[in-house]
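**Student:** Order-wise, the sequence lines are chains A and B.
Start counting the first sequence at 258; every next residue gets the next number (my numbering).
Start counting the second sequence at 33; every next residue gets the next number (my numbering).
In short, the hints are calculated from the structure, not lab data.
A hint or two may mislead.
As the list claims (entries may be wrong) - Restraint-style ranges between C-beta atoms, simulated for each label pair:
{"#": "1", "chain 1": "A", "residue 1": "S302", "chain 2": "B", "residue 2": "D181", "range": "47 to 53 Å"}
{"#": "2", "chain 1": "B", "residue 1": "G121", "chain 2": "A", "residue 2": "V324", "range": "33 to 39 Å"}
{"#": "3", "chain 1": "B", "residue 1": "S292", "chain 2": "A", "residue 2": "D300", "range": "44 to 50 Å"}
{"#": "4", "chain 1": "A", "residue 1": "V312", "chain 2": "B", "residue 2": "T334", "range": "30 to 36 Å"}
Claimed, not checked - Pairs of lysine-lysine, DSSO-like flavour, derived with a Cα cap of 30 Å:
{"#": "5", "chain 1": "A", "residue 1": "K306", "chain 2": "B", "residue 2": "K203"}
{"#": "6", "chain 1": "B", "residue 1": "K124", "chain 2": "B", "residue 2": "K51"}
{"#": "7", "chain 1": "B", "residue 1": "K53", "chain 2": "A", "residue 2": "K306"}
Ideal placement from N, C-alpha and C gives every residue a C-beta, glycine not left out.
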Amino acid sequence: MVDTVGYGLIAIGAGIAVGITGLGAGLAERDVGAAAVGAITEDVSLFGKAMVLMVLPETIVIFGLVVAILAMVMISIPTA
Amino acid sequence: MFGRSGKKGNYAYIVARVKAKKAGLMNDDAYSKMLMMSLPEISRFISESGYQKEITELTGKYSGVDLIEHATYTNMARLYRSILESSEGDLKEMIVSDLERWDIWNLKVILRGRSFGLGADDIREDLVPAGVLDLEHLDKLISMDSDDDILAAYQKQTEVTIPAAVLSKYKEEKNLAVIEDCLDKIYYEKLLLSIDPSSRPKRLFQDFIRNEIDITNLETILKLKKENVPADVILTYVIPGGKLIDKKLATQLANAESVSAMNGDLSQLEFYEDIKDALDDSKPLREIVAALEKYHMAQASTFSHLYPLSVIPVIDFMIHKENEVNNIRIIARGLESGLDREIIKGLLVV
């Protein structure tokens, strides 16, 4: 019973890690994306640079995903 | 949510666009090259530097210096309008308030043109539809029967109220300066009111506009002093709302015996270092005006770097674009008049 509650809390934590970082990345990408579209409107050759800047906030989600994976691994490791 | 509602404005998009546009503006080398060219060469040079569409459109209608002037003004008007149409929320409101200076410019052109008996086509040629009123609205103003109708329609279109006392004084004296002075004062009053100083970037923008009022007032005082206009008359042309030049300082400056005598009063201002070399009765006024313009542009760039996601980078671009257009016109007009290249170079603000 105790294990089940603990596993549940770990799973919720993993979900929060991915969810919150996803929101953070979305907020960051809002401004970066708008600026990227603005820059490309003026100069199409900036597409490559704008694309790189556009995906940079995605790294935040990767951090969240790593934390979530580590948390889920904890569930799968049998306790002694 | 997160304080990012649509009303806040699309700062990131607009600022990225104007920064890209600003990167494409001409630099000092381009002006040096143009100084060595003939007028047709300048037309070709500017058509390769962002004015191609306008040069192509107008080349059948105008030639020489007229072509250059109309192409640069048309290009500037289109750029401002495209920024205005792409902006949203409070950013748009602030840009609209700032661009109303061109509506006032156009109204002055219409009133002056009519007072000199020019026809509708001649007046239309001198308009710069870079403000809120497009050419269609301005055409309606030109076609009106009397100045009273024009002023009434303008007030309705731009939600501006010219005091009845000013209108009656204009009717009595038929002196356009009365209306022009009043419009300038109303413009800055409305612009300052449109800025909600709730955040630091907007307070900074307000400071920037108040600084602009100071520069305008100082230019007015210096120009009128050079013409030996009495102090009490000079003070009627001073625009209220300045940051550094208050009523007391303006009175002191207007009462100064000469331009050199203003040194003491002006030494407390932050732009004194930029203009002190030109503050001499023996030097032409244009040197002080050019020094003030340079200071104003430098300040716009500094502020725009402090707060990239604000209206200041947009205003910074507009000031630099207008300066580029002015510089091209100075070069073209100077070369056409046969002025010495060194004199023309001295007139440029770079």
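**Student:** Holds or violated: the 33 to 39 Å window for the beta-carbon distance between G121 of chain B and V324 of chain A?
**Tutor:** Once the Cβ atoms are compared, 36 Å apart, the range 33 to 39 Å for V324 of chain A and G121 of chain B holds.
**Student:** Holds or violated: K306 of chain A with K203 of chain B, Cα cutoff 30 Å?
**Tutor:** 60 Å, violated
**Student:** Take the C-beta atom of S302 of chain A and the C-beta atom of D181 of chain B, compute their distance, and say whether it sits inside 47 to 53 Å.
**Tutor:** 51 Å, holds
**Student:** Keeping to a limit of 30 Å between CA atoms, is the pair of K124 of chain B and K51 of chain B held or broken?
**Tutor:** With a Cα-Cα distance of about 17 Å, the restraint between K124 of chain B and K51 of chain B holds, given a limit of 30 Å.
**Student:** Checking one constraint from the list: CA of K53 of chain B to CA of K306 of chain A, max 30 Å. Satisfied?
**Tutor:** 17 Å, holds
**Student:** Do the Cβ positions of V312 of chain A and T334 of chain B conform to the proposed distance bound of 30 to 36 Å?
**Tutor:** With a Cβ separation near 32 Å, V312 of chain A and T334 of chain B satisfy 30 to 36 Å, so the hint holds.
**Student:** If I claimed the Cβ atoms of S292 of chain B and D300 of chain A lie 44 to 50 Å apart, would that claim hold in this structure?
**Tutor:** Holds, at about 49 Å.
When held up to the earlier numbered hints, the structure conflicts with hint 5 and nothing else.
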